[in-house]
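Take a look at the letters that make up each chain.
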Amino acid sequence: MTITATFFLIAGLGLIAWVFARARAGRFIQSGVASVHSLPSYHGWYAAMWAVVPAILFLLVWSTIAPALGSYQVLESPLAAGLPTDAFERAAILSEARALSHNPDLKVFNDAAVKLAPLYAAADSKYAMIGALAAFLLCFAGGAFAFTRIRPDFRARTQVERTVMFGLLLASLIAILATLGIVASLIFETVRFFGMVSPFEFLFGLDWNPSDKVVDGQATGFGAVPLFWGTVFIGAIIAMLVAIPLGLMSAVYLTQYASANVRKWMKPILEILAGVPTVVYGYFAALTVAPALRSFAVSIGITDASSESALAAGLVMGVMIIPFVSSMADDSIAAVPGSMRDGSLAMGATKSETIKQVLIPAALPGVVGGVLLAVSRAIGETMIVVMAAGLAANLTANPFASVTTVTTQIVQLLTGDTDFDSPMTLAAFALGLTLFVVTLLLNIVALQIVKRYREAYD
Amino acid sequence: MTATPQASAPASRQTDWMGDAMQKRIARRYAAERRFKFLGLAAVALSSLFLAFLLVVMIGNGAKGFVTTEATLTIDLPAATGSISPDQLTEPRLAATMASIDVRRIFDQAVQAQYGDDGARYFASTAWTALRNQLVENPNLVMGKTSFWLPTSSDIDRAAKDRSTPEAERDYAALTKAGEVRQSFNMQFLTGSDGTDPARVGIWGALKGSLITMVVTLFLAFPVGVLAAVYLEEYAPKNRFTDLIEVSINNLAAVPSIIFGLLGLAVFLQFLSMPRSAALVGGLTLALMTMPVIVIAARNAIKAVPPSIREAAMGVGASPIQVVFHHVLPLAIPGIMTGTIIGMARALGETAPLLMIGMRAFTTTPPDGLTDPATVLPVQIFLWSDEVNRGFVEKTSAAIIVLLVFLLTMNAIAVYLRNRFETRW
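So the sequence lines, in the order shown, correspond to chains A and B. For any residue, its number in our numbering is found by taking its place in the first sequence, counting from 1, and adding 153. For any residue, its number in our numbering is found by taking its place in the second sequence, counting from 1, and adding 1271.
Keep in mind that the hints were calculated from the coordinates and are not lab data. Keep in mind the model is a prediction, meaning the values are calculated, not measured. Hints are supplied without guarantee of correctness; some may be wrong.
List time: in silico DMTMM-like cross-link candidates among lysine to aspartate or glutamate, alpha-carbon distance up to 20 angstroms [unchecked claim]:
1. A:LYS420 with A:ASP484
2. A:LYS268 with A:GLU229
3. B:LYS1432 with B:GLU1451
4. A:LYS504 with B:GLU1304
5. A:LYS509 with B:GLU1304
6. B:LYS1574 with B:GLU1505
7. A:LYS268 with A:GLU242
8. B:LYS1308 with A:ASP495
9. B:LYS1448 with B:GLU1438
10. B:LYS1416 with B:GLU1451
11. A:LYS604 with B:GLU1517
12. A:LYS604 with B:ASP1514
13. B:LYS1416 with B:ASP1347
14. A:LYS509 with A:ASP495
15. B:LYS1295 with A:GLU506
16. A:LYS417 with A:ASP484
17. B:LYS1416 with B:ASP1373
18. A:LYS366 with A:GLU354
19. B:LYS1432 with B:ASP1468
20. A:LYS279 with A:GLU229
21. B:LYS1308 with A:GLU506
Could you put the whole structure together from the sequences, leaning on the hints where they help?
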C-alpha cells in the first residue's frame, strides 16, 4: 500500500463521514427539533475533519520515520553483519539497496546492496502496511467520535470555523517560516564558511580563485571584490545606462504624448519584455548580441575583446529591466497632482518644458525608488550573466572584457556534486547571504523613499 | 533696490511677441518640444524593436528545429524477414517476433544494398528504431517491398538546412539529385526526450517535467497563498506579529530567485534529505517563490471587494467565516486567478533555483512521478545552449519557441480573465 493510495483512501473515507454526518444532522430538522444550532453541512464538515486531519497528520509523521525504522530492521538482520563499520560507506550501501528495492533495473556499485534489496523491500512494505493500518484506525476512530457528538444543540459551526481560522493563521505563518528558513540556512552555512576564510578576506580580498584545498583549516582564493565589482558593473551601471533612459522616456511618451490607442497597444508589448524568461534573454545575449559586439569591438580596434563581454550581458539585462523602470516611472508621474502640471501649462510652458521642469523633478523621489528596485532586481538576476558573462574574475572597467558576478559564481560553485564540507559549496552560501542582505537593504531604502514621496502629495 | 515702482513702471516695455528675437525663441522652444517627443517615441520604438528582433532571431533559428530531414530506404521485407505475416507484428506475438527478426540487421543490409558499403553515414544512428516503430504501427507493410522514410544523420540534416561539413554537403547534393531525400515535420521533437544526437532529441521529457513541477507548485502555492491573503486582509488583528507576517511576504516577493535555490538545496536536499533532481523538490522551491506573488494579488483582489458586501452579509446573520467564504472570495476569484496565472507563468520560466537543486538530470525518458530525476523546459534550454554541437542551436531556439508559446498563452488567458470577469465597483 503506497502512501499516495492511503492518502486518497482517507480522503474518500472523509467524504463518506461527511455524507453520513450531514444526513444524520439533517434528520434533526425533519423531526422538528426547535433549536438546531448548526446547519447539517457543518456537522458533515465536523465529522470529515475529525476523520481526515488526525489520520493525515499521522501519515506525514510516519512517512518521515518509517524509512529509519526500515533501515534499523535491515541492519538487525544477519545478512547485514558483513557490512563495513564505517558509517559513511554503510549509509551508501544502504541507500543503494533501498533504491534497488524500488527499481530492480538499477545498476549498483556495491554487490552487498543486491543482497540487502529484498530485505529492504520486505521491511519497507511491512512498515508501510503498519502505517496505513494505523492511519485507517485513526480515521475510523475520529469519524466515530465526531459522529457520536452530533446532537441538535451541538455547536458544529463554531468548531469548524475555529479550525478554519487556525488553518488561515497556519497558512500565513508559512511566509515567516520561509523567510526564517532562508535566513537560517544562509547564516548557518556562512558561519561555517567563515571558519575557513576570514570575513575580512572574503569581503575585501582581491583574489578570486576558489579551490577545495583546505590547509590548517584555512582556505585561500576567496576574495570576492572582483565579483562584487562585476555585479555592480553589469547590473547597476551598464544595465541602468540602458534601462533608465529608455524606460523613463517610454513612460513619459506613453503617458504624456501617445494617443489612447497607441497606449493600449504599446503597453502590453513592453510588458511582454518583462515576461520573457531570463534563460531566453541569456541565450539571445550569448548567441547574437555577444558575437556582434565582439566583432564591433574588433572593428574599432579593440583586439582583446572577449566574446563573453560585460557589455553584452549588461545591455540585454538593461532591456529586460525597461518595463520595470517604465512602470515605476509611470506610477510616480501619475502621482504628481494635476494642478502642478496645469499650472505650468497655463504659464505658457510647452509640454516638454512642463515634463522636464515640473513633472520629473516632482516625481523624482518615486523614480529614484523605482530605479533602486530595478538595481536590486538586476544584481540578483542569474541566467543572463551565467550564459553571457564570463567566469574570469577580472577587476576591470573595460566593457568589452569579461567579468564575473556573484550569481554566476554561485551557480558555478554549486554545479556538480555538492559536498557540504567543501569551502566552495559554503562560499556559495556566503555569496548568497551577501546578495540577500544587499537586495533587502536596497528594497527597504527604495520603499521608504517611495512611501515618503507618496505621503508628500497625499 | 534703489528704483522705485514709479520709476520702473514706465521703463518696462510691452513684450514684442511678433518681433524677430521672440519668434526665433519660440521656434527654438517648439523645436525642443519636437525633439523631446521624438526621443520618447524613439525609446518606445527601440524597446519594441528589440523584442521584435529577439522573436525574429528565435523563430528564424527555431523554425528549422521543427523540421527533420529524411532519406528513403527501400526494403524487400518478405525476403528480409522470411515472409512473416502482419498478425505476427500485433500484440501478443510482437515481442517474440521482434526477438526473432533482427530489425537492426535488416536495416543494415538494406542500407548496404541501396547506398553501398558506407551508406550508413547517411542515416542517424537510431534510424533503425524509426523503421521498427513504422513496422509496429503498420504491420501490413511486411507484405511487400516498401520505401521507408528514415531520419538522416545530423550532418546531412544540417546540410539540408544550413551549412555542414564538405562531405555531408556532397552527400546531400547526391541524395537530392536522386530524389532520395525530403524534409518533413519533426514529430520526434515534440514526443522525444533529451539525447546526444541533436537530430533526434525532443522536448517532451522536459515539458512533462515542467508540467509535474507546475502541478506541485500550484497545489502548494495556491491554497496557502489565498488562505494567507484572506487571513491578512480580513481577520488579522493589527499587531506586531501581523506586521512581521506582512514584512516577510513583501521581502519574499523581492528576494532574488537564486536565493530560493540555495534554500531548497540547504533545507530540502541537505536537511530533509529529499531526492535530488526530483520534480517534487522543484515544485516545493518554486511554490515558496510563487506564494508571495499570489498573496499580494489575492490581497488586492479581496481589498477591491466593497465593504457594503460584507456589511450586507453580516446584516443577515452570516458569521465572519461565512461572509468571507460565501461572499467576498467568490467575488475576488477573477483577480486571484489573474495573479495566480501570472505567478505560475513566472515559475514556468524560472531556471536558476532549479539548477541549484540539481534539476538538470540527463534523462532520455520522461519522468513518471514526483521523485524521478527530471528536468524542466527552461533548464533544458540552458543545457542545450551549452552543447558544442552546432545542431543544438536550432533545437534550443525551437524549445524557446515552445516555452514562449506557453508563457504568452498563459499571459493572454490572464489578461482575458481580467477584462472579462473583473468588476469595477
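Query raised in the report: Does LYS1448 of chain B pair with GLU1438 of chain B here, judged by a C-alpha cut-off of 20 angstroms?
Result: 15 angstroms, holds
Query raised in the report: For the pair supplied as a hint, LYS268 of chain A and GLU229 of chain A, is the alpha-carbon distance within the 20 angstroms limit?
Result: Within the cut-off at roughly 14 angstroms; holds.
Query raised in the report: Is it true that the CA of LYS366 of chain A sits at most 20 angstroms from the CA of GLU354 of chain A?
Result: Answer holds: LYS366 of chain A to GLU354 of chain A is near 16 angstroms, not above 20 angstroms.
Query raised in the report: Would the pair LYS1308 of chain B and GLU506 of chain A pass a check requiring their Cα atoms to be no farther apart than 20 angstroms?
Result: 11 angstroms, holds
Query raised in the report: Taken at face value, is the distance from the CA of GLU242 of chain A to the CA of LYS268 of chain A at most 20 angstroms?
Result: Distance of about 16 angstroms is within 20 angstroms: holds.
Query raised in the report: Can the restraint linking LYS1416 of chain B and GLU1451 of chain B be considered satisfied, given a maximum Cα separation of 20 angstroms?
Result: Status holds; Cα separation ~16 angstroms.
Requested in this report: Take the C-alpha atoms of LYS279 of chain A and GLU229 of chain A, compute the straight-line distance between them, and say whether it is at most 20 angstroms.
Outcome: 15 angstroms, holds
Report task. Please work out if LYS1432 of chain B and ASP1468 of chain B have their alpha carbons no farther apart than 20 angstroms. Result -> 16 angstroms, holds
Report task. Please work out if LYS1295 of chain B and GLU506 of chain A have their alpha carbons no farther apart than 20 angstroms. Result -> Holds. LYS1295 of chain B to GLU506 of chain A sits at ~17 angstroms (cutoff 20 angstroms).
Query raised in the report: Taken at face value, is the distance from the CA of GLU1304 of chain B to the CA of LYS504 of chain A at most 20 angstroms?
Result: Status holds; Cα separation ~7 angstroms.
Report task. Below or equal to 20 angstroms on CA atoms is what counts here, so check LYS420 of chain A against ASP484 of chain A. Result -> Holds - the C-alpha atoms of ASP484 of chain A and LYS420 of chain A are around 13 angstroms apart, at most 20 angstroms.
Query raised in the report: Has the given pair, LYS417 of chain A with ASP484 of chain A, been kept, meaning a C-alpha gap of at most 20 angstroms?
Result: 16 angstroms, holds
In terms of the numbered hints stated before, the structure departs from none.
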